[in-house]
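First to last, the sequence lines map onto chains C and Y. Numbering-wise, the first sequence is residues 63 to 321 according to our numbering. Numbering-wise, the second sequence is residues 10 to 290 according to our numbering.
Derived from the structure by calculation, the hints contain no laboratory data. This one's a predicted model, so the numbers in the text were calculated from it and none came from an experiment. In this text, a Cβ means the ideal position worked out from N, Cα and C, and glycines have one as well. Among the hints, erroneous ones may be present.
As the list claims (entries may be wrong) - Here are the simulated distance ranges between beta carbons:
hint : chain 1 : residue 1 : chain 2 : residue 2 : range
1    : Y       : A98       : C       : H188      : 40 to 46 angstroms
2    : Y       : N177      : C       : A317      : 29 to 35 angstroms
3    : Y       : L128      : C       : D228      : 41 to 47 angstroms
4    : C       : D82       : Y       : P132      : 18 to 24 angstroms
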Amino acid sequence: MAHEPPPGITVTVPRLVLGDTLLFADLSCRLPAGRWTCLLGPSGVGKTTFLRLIAGLVEGGEAIADDGRPLTGRIALMAQQDLLLPWLDVLGNTLLGYRLRGSPDGRLPELERRARRLLSRLGLGHRLTARPAELSGGMRQRVALARTLMEERPVVLMDEPFSALDAISRHRLQEVAAGLLDRHTVLLVTHSPLEALRLGHRILVMGGQPASLREIPVPPGSPPRQPGDPALLALEAELLEELAASDARTEEAWASTVP
Amino acid sequence: MAVAFDSENPDLPPAGPPAGRAELLVRIFGPLLLLGSIVGGWEFLVRINEIPPYILPGPGLVVESLLDNWHSLYPSLLVTLRITFLALAVAVVGGVGLAILFSLSRWVELSLFPLAVVLQVTPVVAIAPLILIYVDNITLALLICAWIVAFFPILSNTSMGLASADHNLRDLFELYGASRWQQLLHLRLPSALPYFLGGLRIAGGLALIGAIVAEFAAGTGGTGSGLAFRILEAGWRLEIPRMFAALLLISFAGILIFLAFTALQHLLLRRWHASAASRER
Numbered sequence: 063m064a065h066e067p068p069p070g071i072t073v074t075v076p077r078l079v080l081g082d083t084l085l086f087a088d089l090s091c092r093l094p095a096g097r098w099t100c101l102l103g104p105s106g107v108g109k110t111t112f113l114r115l116i117a118g119l120v121e122g123g124e125a126i127a128d129d130g131r132p133l134t135g136r137i138a139l140m141a142q143q144d145l146l147l148p149w150l151d152v153l154g155n156t157l158l159g160y161r162l163r164g165s166p167d168g169r170l171p172e173l174e175r176r177a178r179r180l181l182s183r184l185g186l187g188h189r190l191t192a193r194p195a196e197l198s199g200g201m202r203q204r205v206a207l208a209r210t211l212m213e214e215r216p217v218v219l220m221d222e223p224f225s226a227l228d229a230i231s232r233h234r235l236q237e238v239a240a241g242l243l244d245r246h247t248v249l250l251v252t253h254s255p256l257e258a259l260r261l262g263h264r265i266l267v268m269g270g271q272p273a274s275l276r277e278i279p280v281p282p283g284s285p286p287r288q289p290g291d292p293a294l295l296a297l298e299a300e301l302l303e304e305l306a307a308s309d310a311r312t313e314e315a316w317a318s319t320v321p
Numbered sequence: 010m011a012v013a014f015d016s017e018n019p020d021l022p023p024a025g026p027p028a029g030r031a032e033l034l035v036r037i038f039g040p041l042l043l044l045g046s047i048v049g050g051w052e053f054l055v056r057i058n059e060i061p062p063y064i065l066p067g068p069g070l071v072v073e074s075l076l077d078n079w080h081s082l083y084p085s086l087l088v089t090l091r092i093t094f095l096a097l098a099v100a101v102v103g104g105v106g107l108a109i110l111f112s113l114s115r116w117v118e119l120s121l122f123p124l125a126v127v128l129q130v131t132p133v134v135a136i137a138p139l140i141l142i143y144v145d146n147i148t149l150a151l152l153i154c155a156w157i158v159a160f161f162p163i164l165s166n167t168s169m170g171l172a173s174a175d176h177n178l179r180d181l182f183e184l185y186g187a188s189r190w191q192q193l194l195h196l197r198l199p200s201a202l203p204y205f206l207g208g209l210r211i212a213g214g215l216a217l218i219g220a221i222v223a224e225f226a227a228g229t230g231g232t233g234s235g236l237a238f239r240i241l242e243a244g245w246r247l248e249i250p251r252m253f254a255a256l257l258l259i260s261f262a263g264i265l266i267f268l269a270f271t272a273l274q275h276l277l278l279r280r281w282h283a284s285a286a287s288r289e290r
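Just chain Y, with the same shape it has in the complex (with noise of 0.2 angstroms):
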C-alpha cells in the first residue's frame, strides 16, 4: 500500500496576520490618552480653583508627596503585597485543593459548598473586627481576612472547570483503561486550567482588596503598618497629598498583579484555548 500524502495540505489554516496595528494603538494610546486628559484637567481645576492641598491635591503634588515618602510608603506597600500574596497562595492551595475533593466525591461537595457560598457573601468587613477580636496575631488576621474573599472564585471556578471536562473525552479515557487519577491528572485538570486561571485573575485583585479592608479594621490598633495604615494615619494628620499617594501606591500594586496574571493566562493558553489564541481568519 503505497499511499501517501503530499507534505503540504490544502487544508491547512492561514497563519494569520499580525496581531492589528491599529488595534494595539488603540489599546495602548486609548487608555493613556484618556488618563491623561483626565490627571491633566484635575490639575487644571485646582490650579484654576486654587483649590487648597489639603482639600484636593493636584496629581502634581500626590506624586511629589510620593518620592518624599518612598521611606515610609514603600516598607508599607512590601507588608501589604506579603499579606495579598500570602493570602493568595493560600487560597489557590485550599481552593483548588477543595475543588478536587468536590470532583471526587458529590457528597463533600454538597455538604461543603453551601458553607462556602455563606464565607463569600458575608461582607469581609463585617467579620474582620471579630477576626481581629478572636486572633491574637495581627498579620495571622490579616492574612485569614485576605483568604475569605480571595478563596471563593477559585475554589467556584476551579470546580466547574473540573466538572467541565468533554463527557466524549472522559469516555475515552475510560475506553483506554485510565484511573480515577490519571482522569483526573490528564484530563480533569487541564480542562480546569483555564478556568481557574480565570479566577485567579480575580482572586488577585480580591485578595488585595482583602489585605487593605483588614488593615483598615485593624488600623486602630497600630501595630500594623501596610499601606491602609498610612492612609489612616496621614488622614489623622490631614496629610490629605500623601493619603492620595498611599491611594496611587495601591491602584498600580491592583494594575500590576492583574496585569501579572494576565499574562501568566496568555502564556499557558495561547497555545490551545480559544480564550488565549489569535483568532483565525
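This is chain C alone, in the form it adopts within the complex (with noise of 0.2 angstroms):
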C-alpha cells in the first residue's frame, strides 16, 4: 500500500523524566525497516510514552530515519483510545485524514471506494452512515484501525489496537492487519504474549526504572503465525516467564524510590 519504501527507524532516549519518574536513561532501540517490532511489558513502565515519543508528541528523545529525512507526516498512529470524532459517521471517520489534508480533486470517490472496501473487510460494511455513540468498542476499534490504514503512512504505530475485540474478532483483525500493514515499519505496544508472537518480527520485552529493552526469540516462519504452532506455544511459555521478571524487575525499582 504504501508508496516509498518503509524507513528503518533509529531511537535514542538519553533521559526522559515524565512526573516524578524517570523513565528512560541512555535507551537506544532500532526498528528495523518494514517489519513488525512487538512491545511488551508492564503497565506503568513507559509503553506508551515510548511509541508517543517516536510519533513527536513527547520531548526528551530522537527517532530518526534511516533514510535521512525528517518522520513528520511519514508516520500513522493508532492510539489506546479510538478517537473518532462524535460528530462524524464511520466513514467520515475513516477518511478523516484525507478531509483535513484536503484531497485533490477527482481522488475523493476513489478514495470513499477503499475507505468502503476497507471497512467491509473489517466487518463494518453495514454500519458505515453509523456515529460512533452508536457503535460497540470493538467497532470503534476497527473503525480506528480502518483510519490507521487509510492514510497509507509507511511508518504505523500501534497501541494495543486489539484490546477491546473479542477473542474472534481480534483474530481475524490480526491477520488483516498483517496482511495490508505487510512491509510497512510497525511497532505494536501489546499486553498479550501471543499476539506479539503471532505478529512480531521482532520482540521487544520493556521493563525496570528506568526502563530497559530486552529482545525474545520469535518463532521461525513469517507473521502471521498460526496461534497453534507448537514452537509459538513453547515460546509463549517463555516470554510469560520473562513478563513476569520484568514486572518484578519494575515494582522492585518502583519500591526503591519509595522512602
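Hey, can you piece these two chains together into the complex? The hints should help.
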C-alpha cells in the first residue's frame, strides 16, 4: 500500500522524566525497516510514552529514519482510545486525514471506494453511516484501525489496537492488519504475549525503572503465525516468565523509590 | 488474505426500546395536571372568597382580558420579542467570537475575562437607568441591557467547550498535520457545540428577562411599547386583569423560547452527544 519504501528507525533517549518518574535513561532501540516490532511490558513502564516519543508527541528523545529524511508526515498512529470524532459517521472518521489535508480533486470518490472496501473487510460494511456513539467498543476500535490503514503511511505505531475485541474478532483483525501492513515499519504495543508471537518479526520486552529493553526470540516462519504452532506455544510460556520477571524488576524499582 | 467478516456482528448494541410510554405520560400529564389544579384552585379561591378583580382576578378573567386586549398586547409582545432576539443574536455573535479569540490567545483571555465577569455580576436593573441616560436611542438602550445578561452564559459556556476538546484528539490532529484553523474548525468548534447550545438555552430566557427589565427601567419614558410597558400602564390604571394578561404572555414567550432551543439542541446532538442520545440498555 505504501508508495515509498518504509524506513528503519533508530530511537535514542538520553533521559526522559515524566512527573517524578525517571522513565528512560540511555535507552536506544532500532525498528527495522518494513518489519513488525512488538513491544511488551508491565503497565506504567513507559511503552505508550516510548511510542508517543517516536510520533513526536513527547519531547526528550530522538527518532531518526535511516534514509535521513524527517519522520513528520510519515507516521500513522493508532492510540489506545479509538479517538473517533463523535460527530462524524464511520466513513467520515475513516477519511478524516484526507478531509484535513484536502485531498486533490477527483481522488475523493476513489478514496471513498477504498474506505468502503476496507470497512467491509473489517466487518463494518453495513454501519457506514453510524456515529461512534451507536457502535460497540470493538467496532469503534475497528474504525480506528481502518482510519490508520487508510493513511498509507510507511510507519505505523499501534498502542494495544486489538485490546477491546473479542477473541474471534481479534484473531481475524490480526490477520487483516498483518496482511495490509506487510512491508510497513510497525511498532505494536501489546499486553498479549500470544499477539506479539503471532505478529512480530521482533519482540522486545520493556521493564525496570529506568526501563531497559530485552529482545526475545521469535518463532520460525513469517507472521501472521498460527496460534496452534507448537514452537509458538513453547515460546509463549517462556515469554510469560520473562514478562513476570520484568514486572518484578519494575515493581522493585518502584518500591526502592518510595522512602 | 481472504479474511472477511460476516454481515452481522455479535457486538452490535441493541436498538433500544421506544421511549418508555409511561414516562412520556408522566412528562406530559404530570405538569398539566399540576398546572390544572393550581389554576382550578385559584379560580375556586377567588370565587369562594369573593375577591374583587382589582385585587386578584381569577384565571378566567385573565384570559378574557388577554383576548379583549389582544390588539394592544400582541404588538407589544412583538416589540419585546424583537429586542429579545436581536440581543440574543448579538450575544451569540459576540460571545462565540470572543470565546474563539480566548481559545486562540491565552493573553486575550486573561485580560478580558475579568471584564466579562464584571459585566455579568453587575445587576442589569442597576445599570439600565444609566444606559438609558447615555444612549439616546431607546431601542438601542434596551438592546444593550438585554445583551448584557444574555452574553455571559454564551461566552463562558462556549469558552469552556472550546477548551474541552480531548487532548488525545488534539495530538491526533497534530500528527495529521492539521493547521490551527483546521483544528478549530474540525475539532474545537464541534466539541464546543453541546456547551454552546446549553448556554444558548440559558441565554434565551435571560435575554427576555433583560429586555423586560430594561423596558421597566425605561417605562416612565413612555416611548417604549413592549410588554413591560403594558404592565406598568395597566398598573397605573389599576387594570389588574390586564397586568396578569401581559404577565401570562411573557411567561408563554419564555416557555416557547426554552422549548425551541431545547428542540434545537436535541436535533443537533441526538446522533452523537450523550446529553441528547437515548440511552442504550
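Evaluated hints:
1. A98/Y / H188/C: 40 to 46 angstroms: holds, 43 angstroms
2. N177/Y / A317/C: 29 to 35 angstroms: Holds, at about 31 angstroms.
3. L128/Y / D228/C: 41 to 47 angstroms: Given about 55 angstroms between the Cβ atoms, the range is violated.
4. D82/C / P132/Y: 18 to 24 angstroms: violated, 48 angstroms
Violated hints for the displayed structure, listed by number in ascending order: 3, 4.
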